[in-house]
Structure formats: C-alpha cells, structure tokens
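Enquirer: Kindly produce the complete structure, drawing on both the sequences and the hints.
Protein sequences, first through last, are from chains A and B. Letter by letter, the first sequence follows residues 1 to 127 of the numbering used here. Letter by letter, the second sequence follows residues 1 to 127 of the numbering used here.
None of these hints come from the bench; they were simulated from the model. Note that the structure is a prediction, hence the values are computed from the model and not measured.
It does not matter which identical chain is meant; a pair holds if it fits inside one copy or across any two.
Calculated cross-link-like contacts (lysine-lysine; reagent style DSSO-like; alpha-carbon spacing at most 27 Å): (1) Lys32 - Lys68; (2) Lys49 - Lys65; (3) Lys13 - Lys61; (4) Lys68 - Lys112; (5) Lys100 - Lys45; (6) Lys32 - Lys101; (7) Lys16 - Lys120; (8) Lys77 - Lys119; (9) Lys61 - Lys45.
Protein chains: 2
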Amino acid sequence: MINESAPAIHDMKECKSHLQPVRDSLDILNGKWKIPIIVSLMFGKKRFKEIQREIDGITAKMLSKELKELELNQLVKRTVYDSSPVTVEYAITTYGLSLKKVIDELRNWGTKHRNRLMKKNGIEIEA
Amino acid sequence: MINESAPAIHDMKECKSHLQPVRDSLDILNGKWKIPIIVSLMFGKKRFKEIQREIDGITAKMLSKELKELELNQLVKRTVYDSSPVTVEYAITTYGLSLKKVIDELRNWGTKHRNRLMKKNGIEIEA
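Expert: Set out below in structure tokens:
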C-alpha cells in the first residue's frame, strides 16, 4: 500500500544527485537530431548535404542549428577548405567519439523495443 | 582532403540501418523529462507530487503528459487506490527497468562531461 508519510528526504537527495549527471547529458544531447548527426559522422567526415541525406526528415535549418550547437560543445569539428567553391566538412571529434557507449546502448534498446512491439499485439503489461 | 565524388551508397545504407534503432529509442524517450521520470521511479513507487518534487523544473502539466506517454509505452504503470481520497501511484515496469544500461551510460557520460568542463577553461578542441 501507499506510504502516506512525507517522502524520505535522504532518498530524495540521493535520487537528485543520481539524476544530475543524467540531466547534464540530456542537456547536451537534447532533441531528436543531435545523436543521429553524431552517428552519421561516426561513419566518416561529411559535408552538410551528405549528413542531410542520411538523416531522413531533418531540415537544412535544423541541421545547421544542431551542428552549431554540437560544434560549441566540441563534439563536432567544422573545417572550411579554401577550394573554389569553398567547401565545408564536418567531422566527429575525439570527444564526440566518447558518446559511443551511450549510442550503443540506445541502439540495443531500440532493437529490443522494436522486436517487442512486433511480438506483442494486445498482450498485457508485464509488471 | 574532401572526396568530391557522390557519397558511397553502401555506406549510406549501412549508416541508415545503423541509425534506425537509435532513432526508435529516441522517439520513445523524446524530450528532457522522460528519462528523469524513469530514474525517479527506479528509486521506488511514487505519487505524482513526489515525482514533481524530485525533478526540478518540471510543471504539473508536463509531468502529466509525460507520464501518460510512458504509460502508453508500458514503461510506467499507474495504479489507482480506492482510498478516501483516491490515491494514485506510479511505478516503473519490468520493461522500464530495461532502460537501466542506457541510463547508466548517460550518467557516466554526464559525469565525465562535467569533469571535463571544470578542467578545461579556454583549452583548445582536442580533435
């Protein structure tokens, strides 16, 4: 049954301190596009249009905004080549590569989630 | 230097199929609140107000919306107790617990990110 007393302050503190680094990550990786952009660049350096072609549904405006934020957080590096016409290339940084484990776990979970959805059809909640 | 030829179609296919499960996860966990709510419930069953107290900055409206979506995806279970007044309790499901590894990696990365920010002050990008 329900505990009607006040919430345990110790647990709440513990929960909050547990939450902080998770929220720090989410602040950096916010939105639905940053992680897909990072995955795309993990496959190699790319130009703007190449990234856009790989990430279905992203608009040029969004991609531009997200790349700027990723660059600001040093996860992505932008290089301008003095060719004619000027070309711009985006690459993942060593720091960006440190997100690999996070992305691997998201991929694992996403795969399991899809399998589960396909198996379950009208079967009741399991907990 | 830059590869001026068309993007390798094989790589693009590989990248896209690699991306899909990651995007599936992000679709379910979208926004800045769902993962914090799940973390909060990993610490035990809670009532609405208790969750709200633990997650700084979330409004009642947002929490209500997010809990509904989490319930729909069977990550959270809502139980109504026929007490007087009626009480409602939220709990994580077994399926919700399957997000533990994702959350652990987000926590690890967030901790490293914060340490890095504190160490670096004006030091150049590393890649």
